[in-house]
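Chains as they are written, first to last, in my numbering: chain P, 1 to 202; chain D, 1001 to 1098.
Quick caveat, the hints were computed from the structure, so don't treat them as lab data. Bear in mind that the values here come from a model prediction, so they are computed numbers and not experimental data. C-beta: ideal position from N, C-alpha, C; glycine also. Any given hint might turn out to be false.
[Claimed, not checked] Listed next, with one range per pair, are the computed distances between beta-carbon atoms: (1) Y43/P x T1077/D: 56 to 62 Å; (2) S1029/D x Q11/P: 22 to 28 Å; (3) K1081/D x I107/P: 22 to 28 Å; (4) A1052/D x F114/P: 20 to 26 Å; (5) L69/P x F1065/D: 30 to 36 Å; (6) R92/P x I1061/D: 31 to 37 Å.
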Amino acid sequence: MENEKYLKDIQDIKQMMSQSTQFISLSGLSGILAGIYALIGAYIVSQLLEQNKYDVVIIEGRTFKLIVLTAFVVLVLSLITSFIMTRQKAKRLGESIWNASSKRLLINFCIPLFTGGIFALLLLRHEVYGLIAPITLIFYGLACLNASKYTLKDVRYLGITEIILGLIAVEFSGYGLYFWVIGFGICHIVYGAVMYFKYDRN
Amino acid sequence: MKTIIQNINKAFDHRIRLGIMSVLMVNESADFNMLKELLGVTDGNLASHTKALETEEYIRIEKQFIGKKPNTRYSATTSGKKAFREHIEALEKLITKT
């Protein structure tokens, strides 16, 4: 009887420690959807490139603008989807979406992410196109790695995978789109599915 | 057996005080609302338990203003952290003994 009480105490301690530092309402399903958006986006981009095979893609060109627009739409759609689904999951788990752990999660995710984003824009300005795909993957990976301390552990492995992919992509410049498909499309679907089956499906 | 029982700290022998200490062990500090939300307790209840822990000098209470809103922050003292660690060790030993 006494023992059960002490065991319960230890469980409570453990739960409070993780609950107060980790935001666990991250939705796996939204990862899968983000991956699917990325695949659709990549398909649109490949079609755009196919249609304009004989033009050089330049910053001022229409094709380039359409590619950037596609990437932007994919990003915004992914963010909106994950926000809505995470909010739903938080509601179900009785966790507030805007608490100390979610704030910490967001800040620590955004610092490497924005660094990478600005870096990519600067590369664009200096016309170093070959490094844009690897840089975005590496910094996204670092953002995930950094954020993983404050959320589900799987995000850490997603981050490491993205970093490795990014480094490999440096050696294969010209195949940036394929690495994006793997990194932002397939990886998100795989890790999203893992998280969905592990945490969401009950 | 006797020595183990001695390490079971009466100050932590309550679900809410246990919760407060757990949160403050892994967070540099926490404010009133964060603790309230995590523990799911009423204002009065939380206030009395934090007061009890402060009397033991296990936690520090700092009152400050963010803009015009009063904000109370709590953090664990070194002696509080030490006492809590000993409490957990005692709990573990009690469970593994049987």
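Violated constraints from the hint list, given by number and in increasing order: When the structure is compared with the hints, numbers 4 and 5 turn out to be violated.
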